[in-house]
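Visitor: This is what each chain is made of:
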Amino acid sequence: MHGEASTSQVILGLSPLVVSLSIFVLTYAIIVTERINRSVVALLGAGLMVLSGVLHQTEAFHGIDLNTISLLTGMMVIVAITQKSGVFQYVAIKATKVVKADPWGLLVMLSLVTATFSALLDNVTTVLLIAPVTLLITDALCISPYPFLFSVILASNIGGTATLIGDPPNIMIGSAARLTFNDFLVNLAPVAVLVLLLTLIPIYLVWGRKLQATAENRALVMAFNERESITDARLLKQALAVIALVILGFVLAHHIGQEPGTIAMFGAALLLLLRVYDKQAEEQSHAIHHTFGEVEWVTIFFFVGLFVVVAGIEKAGALELLAHEIVAWTGGDFAITAYAILWVSAMLSAVVDNIPFVATMIPVIQSMSGVFTPEQINTLWWSLALGACLGGNGSLVGASANLVVAGLAERAGQPIRFLPFMLMAFPLMLSSIAVSHLYLWLRYL
Amino acid sequence: MTIEAIPLITPTFCLGPDSSQWEALEQLLENGLNHAPVCESESWLGLVTVHDLLGEVLPVSARMEHGLAHLGFVGDATAMLAAHLQEMKQRTVKDLVRRDVPTLRRDHGLMEAALLLYQQGISLPVLGSDGRLLGMLSARALLKYLAEKSGV
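If you're matching them up, the sequences are chains W and V in order.
Going from the first sequence to my numbering is simple: count from 1 and add 1.
Going from the second sequence to my numbering is simple: count from 1 and add 1306.
Worth double-checking, as some hints may not be accurate.
[Stated by the list, open to error] Pulled a few chain V residues facing chain W out of the computed Cβ check, cut under 8 Å:
(1) T1308
(2) A1311
(3) P1313
(4) V1366
(5) M1370
(6) G1373
(7) M1386
[Said to hold, decoys possible] Per the computed footprint, the stretches of chain W lying under chain V, defined by three or more beta-carbons under 8 Å from a beta-carbon of chain V, are:
(8) 213–227
(9) 384–391
(10) 412–425
Derived from the structure by calculation, the hints contain no laboratory data.
For glycine and all other residues, C-beta sits at the position ideal for the given N, C-alpha and C.
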């Protein structure tokens, strides 16, 4: 292996800044067009960063945030195993029966369930688990699923804002800024809860009060036996135990001097052990092979490639430059910087994938540590997190979960169209950012 | 050996693409069939199967990709199934017809025909040179033919 990485010689003796920025812009541009699978583009961009000499391979690997990668992978494994128990359907049906299958009550409950799950699991998985049972219940009640799917989309993004593990931007920010699970809970969960409740008000006014279901259909849904949806009780107990342990681990992480990545991966390994310890070798291999097959490797490799691309422009100094520009533009005014990050993140997140944006902004904010105090930098992290997560509600393309629900809705014969969605969702997103703005002002500024 | 000597099930009807799914179901039930041919002005379009019609009766949320894998918790939901059955009157066969069913010729090789029947799991259409449906070849008919021919 090479020793300390020396300054790489960029290809053709060109400026590292120019080369790295070109690769960066090209990579992001192609990702935005969605013409080619984004993980392929990210990996190609990453490869170019190294092959062109901007980064040495060691530096590239160093730039990959393995804490984020292992946290994501670990949680994916845990969720992949847990969902086979049927527990998510159980919760959704139980919640429905609590409100006696009343349509508006159902909408509120499904939103709360979605937001809660989203806070603990990734948003795409959450909506993949909630959307089908939502469609079934609305089918049984003979009501349009549109308001419900709309609320599920919004709730998933809002819920994901509340915790360290709720949304990839938070995971990345928490990892880079050394912010803990508790930090996120204390700083962001309150505003997420508030935003969710406030979002339900317009939804009630537009759809909620018109939702009606016959007593017959409601009786049909009330007759659902949620206990039957638990297909594997033993698995359920094991999974819930491990999840409880992992969450406890996150909460105590700072005190025990551990990081979320290790906690998640260890939890995943523990759950895998519980699944296979009593099986024969071949069956074990098969079960584990299958579970690992359910991990979203496309997403993982997208992150890997992205981290390297960003490491490239960071090394070339582009992000420090950007940080200086921002500080110059805001005149070093902390409040304006915080608000600017909030609103710009939200607007961009509404139309493009927030992950590349956040990956780029992280080193930028880190570069500002010369200008602002550590407490102020923390506030900037909260601005970024709020903007990036809540901004995803702005349009159908704002977040992956949105597109997944739209895809399911399409297949169910109830398509969610881009413009109608945006007409309702964009104003709601703006008001959630306004609430966040107020929150930042009240609490930190 | 070819399939030309094997007796085909000749259809007494051919659904139009704009017939309702309910109509298709009625025809299948009346004639005791599992597959109904769909034709557009005399030429072959595809098949509507009893399997696909069953799918239409089930909730979409169970049929779709990433959909519900179990419906045990639903209990007695015959009202839902009945409602979906009613909705079949509003939907056309066009949305359900399988157009990519492999078709056979009258002089199709026996081995190849047998393999196709095995892979598809349904009876297959035999078309004339003008694209018209001559009849359906069933696995049962092929096996019967084989049994008689080989004197087993």
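Visitor: For each hint, tell me whether it holds in the structure or not.
Guide: Cross-check of the supplied hints:
1. For T1308(V), the interface hint is violated, the least distance from its beta-carbon to any beta-carbon of chain W being 42 Å, above 8 Å.
2. Residue-level restraint check for A1311(V) is violated (minimum Cβ-Cβ distance to chain W is 45 Å; threshold 8 Å).
3. Taking 8 Å as the C-beta contact cut-off toward chain W, the hint placing P1313(V) at the interface is violated, the least distance being around 41 Å.
4. Annotation: V1366(V) was flagged as interfacial toward chain W, and the flag holds, the nearest CB pair being 4 Å apart, inside 8 Å.
5. A cut of 8 Å between beta carbons decides the hint on M1370(V): the least distance to chain W is about 5 Å, and the hint holds.
6. The restraint placing G1373(V) at the interface with chain W holds, with a minimum CB-CB distance near 5 Å, inside the 8 Å limit.
7. Hint status for M1386(V) relative to chain W: holds, with the closest Cβ pair at about 5 Å, below 8 Å.
8. A stretch counts as covered by a chain when three or more of its residues have a beta carbon under 8 Å from one of that chain; for the region 213–227 of chain W and chain V the count is 7, and the coverage holds.
9. Against chain V, the region 384–391 of chain W contributes 0 residues with a C-beta closer than 8 Å to a partner C-beta. That does not satisfy the three-residue criterion, and the hint is violated.
10. A stretch counts as covered by a chain when three or more of its residues have a beta carbon under 8 Å from one of that chain; for the region 412–425 of chain W and chain V the count is 3, and the coverage holds.
Comparing the model with each earlier hint shows violations of hints 1, 2, 3, 9; every other hint is respected.
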